[in-house]
Amino acid sequence: MLINVVIEQMICDTDPELGGAVQLMGILRILLDPENMLTSTNKSEKTDFLNYFYKHSVHILIAPLLANTAEERPAKEDYQTVQLLSLILELLSFCVEHHTYHIKNCILNKDLLRRILVLMKCRHKFLVLCALRFMRKIISLKDEFYNRYIIKGNLFHPVIDAFIQNNARYNLLDSAILELFEFIKLVSNTNL
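All residue numbers for the sequence shown refer to our numbering, where the first residue is 1 and numbers rise by one.
In case anyone wonders, no lab produced these hints; they're calculated from the structure. Keep in mind it's a predicted model, so treat the numbers as computed, not measured. All C-beta atoms in this analysis are idealised placements derived from N, C-alpha and C, irrespective of residue type, glycine included.
So the derived label-pair ranges between C-beta atoms look like this: (1) R148 x F183: 15 to 25 Å; (2) K110 x Q23: 18 to 28 Å; (3) K152 x F181: 17 to 27 Å; (4) E182 x E8: 38 to 48 Å; (5) M1 x R169: 39 to 49 Å; (6) M1 x Y170: 41 to 51 Å; (7) L2 x R169: 38 to 48 Å; (8) F145 x I30: 25 to 35 Å; (9) G19 x G153: 34 to 44 Å; (10) E144 x V5: 35 to 45 Å; (11) I160 x D15: 29 to 39 Å; (12) N171 x N51: 38 to 48 Å.
Using the sequences provided together with the hints, build the complete structure.
Structural data, given as structure tokens:
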């Protein structure tokens, strides 16, 4: 299907700045935006399309992420790989916000959040912030399935480790982690 070709081209972009990948990611985002899908009396078409995407395409999209996070630390930290992973995380964050049911199954079945949080050990701080932003997006949904998944998997551990490794430097990472915990404290109706 065409969407798989777009994903493969995005992943295989040879431009060091990933200019083509950024444009292709924008196209994917438009295609996957439920608000952009044709409004018809038959809402099942949107569901059918998303079912198809999550069954036949999402594994291609997340393959570089899974390949790079199989160990305790990211396998490759060259600039091009890190840029690609940040694009993938941006698209996955969009999916968390707009495809609640479908992406939840993907995250829970593939233990995707745990794999994404491996990136908290990356030396490129912008990718660390992308991983943290993804977790923040999930927590902001206030979904009990996600909350149980985070608690059961001890998924705050990589975040706390990153906070400790940051060594109380007053920077964006420090502020983002503190904001995450402040948000959790303010949303007292969760069991996090």
